[in-house]
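Turn these sequences into a full structure, and let the hints guide you.
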Amino acid sequence: MELLISGITIFVLAIFVGFEIITKIPPTLHTPLMSGSNAISGITLVGAILSAGAQQTVLTTTLGFLAVVFATLNVVGGFMVTNRMLEMFKKKS
Amino acid sequence: MTEFFINIGYLIAAILFIFGLKGLTHPRTAVRGNLLGACGMLLAIVITLTDQRIVGFEVIIAGVILGAAIGAVLALKIEMTAMPELVALFNGFGGIASVLVAGAALIESTLGGGSSFVQTTVATAASGLIGAVTFWGSLVAFGKLKGIISENAMLFSGQQVINAALALIALALSAGVVMDPTNVLLYWALVTVASILGVLLVIPIGGADMPVVVALLNSYSGLAAAATGFVLSNNVLIITGSLVGASGLILTNIMCKAMNRSLTNVLFGVLAPTGGGASADEVYAGRVKSASPEEVALLFDAARRVAIVPGYGMAVSQAQHPVANLASLLTDRGIQVEYAVHPVAGRMPGHMNVLLAEADVPYESLKDMDDINPYIDQIDVALIIGANDVVNPMARTDPTSPIAGMPIIDVDKAKTVVIIKRSLSPGFAGIPNPLFALDNSLMLFGDGKKMVLDIITALKEA
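Residue numbers (this note's numbering), protein chains in the order written: chain L, 274 to 366; chain B, 1043 to 1504.
Everything labelled a hint here was simulated from the structure, so no lab data went into it. Misleading hints may appear alongside valid ones.
Calculated pairs, BS3-like style, for lysine-lysine (alpha carbon to alpha carbon, straight line, at most 30 Å) [what the hints assert, rightly or not]:
id	chain 1	residue 1	chain 2	residue 2
1	B	Lys-1299	B	Lys-1409
2	L	Lys-363	B	Lys-1064
3	B	Lys-1409	B	Lys-1492
4	L	Lys-363	B	Lys-1331
5	B	Lys-1492	L	Lys-297
6	B	Lys-1502	L	Lys-297
7	L	Lys-363	B	Lys-1409
Owing to the predicted nature of the structure, the values given are computational and were not obtained by experimental measurement.
Right, here's the structure in full:
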């Protein structure tokens, strides 16, 4: 129960932090914001790595492998495409 | 590494994510912000690899290489006009990763034989449900944006009833997962039902409402990651998931406000003409004046201040580079050029800004609707390219119109309005636009890109 409460506390506080920061982001940067936040939501990769690496059964390893592929795609693709867009904004500023 | 150091590392990763997002508040700091986020991710991954539970790295390495290769190719090859599709697709991948991780964790917990905690099983059900809805909803959004699936709103009778029934079944299955976590089949049944629900929820939503859908699915992918964090009792997942969830919700809210519609209305309502209101013939009859590129060039020559209002049509005809060339040509002649960007112009939040940035338009000349409206009466020529509903004055004047109350760019108050458009066909809202028939309006009929190039030629010759 204690674990759940501390989890929920973190969840709620992080949402407030998110609201505070993200409301300050100008509309011009909303597309990079989406792709960038998308990249960090690939943090599920952490869980995927544990499933793929623990190799408890063939099924969990397969699920873990697929999750690693999708999450890495999200992370690498997300950060790279965000960087590509932001460089375009930067060079004129 | 001990649990203590692992958690400290995760905390640092979370801090890096927060600073990374903070960097996005200005274009100057944004590139660095994105890099900080990437560093946070790298740290989190490296720490995870030191975990004692990992017995072999070959599967992980194979997965990372495959995922990174596909991701890198997509990120480098994608056209800027296709960015909404890519973001929709990535949202979906985040969702499916959560489904798979929660599923694997559930199976692993049944192997241990010990009883799972209720919070873990609740979170597992939530991961499966939200993740599957996100994945399939995003795939449908991707298909619609890409044109594989019809962009129109697809409606059939009893849609709401079927969705409600599916949602109830999904909730019942979630309860089943919580009560009997050893029965893994219940989880996959839940994922299947949630997948169908995801498809059916997005199918009825039309193209111009996609900014809302993409933003909402972005939020879901974050919430799915947070739910997976509860499954694994992993704080960095919870923090990151909530940040992304909050970000998506804010964008969803901004998009809805910019259309003066509620989220419920976008998701479940139909944007249809209310029956009243003038027909296209009544609005346009005998009042629409068309012009040639040469005449428009003369107008520009005499202007001091010009505003360009881009819409989705600019993306479709890939006209961003010619538009930027036209603007720099005018700037060279001492004319002040600005861009007026409506929040929902295009198919995702900020879509127009990215296209214009690609065409080297300086950040400073991109103006938000709220910034430019107060002085729009000082604009000599407003050039509308590929936008329709977001400049329809009926939103202000006709309370019975389906777009009544939607904030618009008040181009009708500019001294002259030039509209580049293929025909007088209505926009997404399906209503005529009285702007085209105003005394100070000129229509330039044709393809966006070609017309802009023709104006440039005419300007150079004159």
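Verification of the hints:
1. B/Lys-1299 / B/Lys-1409: Distance ~18 Å between B/Lys-1299 and B/Lys-1409 Cα, so the pair holds.
2. L/Lys-363 / B/Lys-1064: Between L/Lys-363 and B/Lys-1064 the Cα gap is close to 16 Å, so the pair holds against 30 Å.
3. B/Lys-1409 / B/Lys-1492: holds, 25 Å
4. L/Lys-363 / B/Lys-1331: Violated - the C-alpha atoms of B/Lys-1331 and L/Lys-363 are around 41 Å apart, more than 30 Å.
5. B/Lys-1492 / L/Lys-297: violated, 38 Å
6. B/Lys-1502 / L/Lys-297: Violated, because 42 Å separates the two Cα atoms, which is more than 30 Å.
7. L/Lys-363 / B/Lys-1409: Distance ~17 Å between L/Lys-363 and B/Lys-1409 Cα, so the pair holds.
Violated hints for the displayed structure, listed by number in ascending order: 4, 5 and 6.
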